[in-house]
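**Student:** One-letter residues, chain by chain:
Protein chains: 2
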Amino acid sequence: MGIKTPYVAVDGIIQLFDSNDNFRGIVLIERKNPPYGLAIPGGFVDVGESVEDALIREMKEETDLDVEILGLLGVYSDPARDPRFHTVSVTFICKAYGEPKAQSDAKEVKIFKLEEIPFDKLVFDHAKILKDFILR
Amino acid sequence: MGIKTPYVAVDGIIQLFDSNDNFRGIVLIERKNPPYGLAIPGGFVDVGESVEDALIREMKEETDLDVEILGLLGVYSDPARDPRFHTVSVTFICKAYGEPKAQSDAKEVKIFKLEEIPFDKLVFDHAKILKDFILR
Chain C
1 MGIKTPYVAV DGIIQLFDSN DNFRGIVLIE RKNPPYGLAI PGGFVDVGES
51 VEDALIREMK EETDLDVEIL GLLGVYSDPA RDPRFHTVSV TFICKAYGEP
101 KAQSDAKEVK IFKLEEIPFD KLVFDHAKIL KDFILR
Chain Z
1 MGIKTPYVAV DGIIQLFDSN DNFRGIVLIE RKNPPYGLAI PGGFVDVGES
51 VEDALIREMK EETDLDVEIL GLLGVYSDPA RDPRFHTVSV TFICKAYGEP
101 KAQSDAKEVK IFKLEEIPFD KLVFDHAKIL KDFILR
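Read top to bottom, the protein sequences are chains C and Z. Sequential numbering from 1 applies to the first sequence in the numbering used here. Sequential numbering from 1 applies to the second sequence in the numbering used here.
Check the hints yourself; a few may be wrong.
Note that identical chains are pooled: a pair holds if it fits in a single copy or bridges any two copies.
When the alpha-carbon atoms are kept at most 30 Å apart in a straight line, the in silico DSS-like pairs for lysine-lysine are as follows [unchecked claim]: (1) K101 x K4; (2) K4 x K113; (3) K128 x K4; (4) K95 x K128; (5) K95 x K4; (6) K101 x K131; (7) K95 x K131; (8) K4 x K121; (9) K128 x K107; (10) K32 x K121; (11) K107 x K4; (12) K32 x K4; (13) K128 x K110.
These are computed hints drawn from the structure, not numbers from a lab.
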């Protein structure tokens with residue numbers, strides 16, 4: 001049918017808790033591939049997969065965490081948000097326990113308190129997304 | 001890069017008001033193309049276009065209404081929701097004034113009071129979406 005639409009990705013703001021349910025911070029990754037920098041973990045949705053399933057799979061692949069989805073933060077679709085090509089991000093807020101480990105596209109996984117997020121090091125429009133999360 | 005993701009579409013629940021700001025109902029279309037039936041107006045997002053711009057364009061193309069976006073209802077991505085191929089719908093709630101006119105993919109445009117929506121005539125997962133809207 002010749003339909004051409006942007007790529008669809010999912011991103012997850014993972015709120016990490018310890019076993020006593022104390023909030024430890026947000027999980028961000030240091031990207032292994034361009035664009036280099038700090039990012040909210042995420043990835044592309046496969047054909048045949050719901051965005052929720054894609055989110056759970058991608059969070060596991062990148063951080064080794066099993067996340068629980070708490071809700072939708074928003075849909076980010078500015079054509080200029082990804083320097084490589086037009087990607088629509090469906091961004092979820094989620095929750096996880098345990099120790100993240102860098103996997104797949106992540107060179108390193110880091111935990112940041114909300115007050116210590118280095119907004120100038122974030123790639124794509126992830127600084128805007130995290131600000132929307134904090135101000136929601 | 002060989003990335004393959006589902007198609008991205010937008011759908012709009014249009015709350016129609018008269019010039020005295022009285023709520024008239026929701027705008028639905030009778031589809032001209034398969035699958036035949038009643039649907040929430042919507043369409044595919046173009047590469048290079050935000051989902052918000054796509055929504056405003058599609059609502060105009062299908063109903064001739066200039067809509068104001070009020071917020072996001074949800075993202076619907078069950079691989080079986082569209083019988084033709086996997087389509088992710090970013091569904092917005094919006095508001096419009098004036099008289100809708102059938103255009104483009106719409107054979108007819110109809111206005112339904114919430115209590116009179118014929119859920120059994122809706123295509124795709126639009127009955128579920130409208131129930132989510134009513135129960136939100």
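**Student:** If a hint holds in the structure, say so; if it does not, say that too.
**Tutor:** Quick rundown of the hints versus the structure:
When the C-alpha separation of K101 and K4 is checked against a cutoff of 30 Å, the pair qualifies only between copies, where the shortest distance is 27 Å, while the shortest distance within a copy is 36 Å. In the homo-oligomer, the alpha carbons of K4 and K113 never lie at most 30 Å apart, since the shortest distance is 40 Å inside one protomer and 35 Å across protomers. Taking CA atoms no more than 30 Å apart as the test, K128 paired with K4 passes in both settings, with 27 Å inside one copy and 26 Å between copies. Proximity of K95 and K128 under a CA criterion of 30 Å is satisfied in both settings, with 20 Å inside one chain copy and 26 Å between copies.
Proximity of K95 and K4 under a CA criterion of 30 Å is satisfied inter-copy only: 28 Å between copies versus 34 Å inside one chain copy. In this assembly of identical chains, K101 and K131 lie within 30 Å of each other by CA distance solely inside one copy; the values are 25 Å within and 40 Å between copies. Within a single copy, K95 and K131 get their C-alpha atoms as close as 18 Å, and across copies as close as 27 Å, so both meet the 30 Å cut-off. With identical chains, the CA atoms of K4 and K121 are at most 30 Å apart between copies only, with a shortest distance of 29 Å across copies and 32 Å within one.
Taking the shortest alpha-carbon separations for K128 and K107, only the intra-copy value of 23 Å comes in at or below 30 Å, while the best inter-copy value is 41 Å. In the homo-oligomer, the alpha carbons of K32 and K121 lie at most 30 Å apart inside one protomer (14 Å), although the nearest pairing across protomers, at 49 Å, exceeds that limit. In the homo-oligomer, the alpha carbons of K107 and K4 lie at most 30 Å apart only across protomers (24 Å), although the nearest pairing inside one protomer, at 32 Å, exceeds that limit. For a Cα distance limit of 30 Å, the shortest separation of K32 from K4 qualifies both inside one copy, at 29 Å, and across copies, at 21 Å.
For the homomeric pair K128 and K110, the shortest alpha-carbon distance inside one copy (19 Å) is at most 30 Å, but the shortest distance between copies (39 Å) is not.
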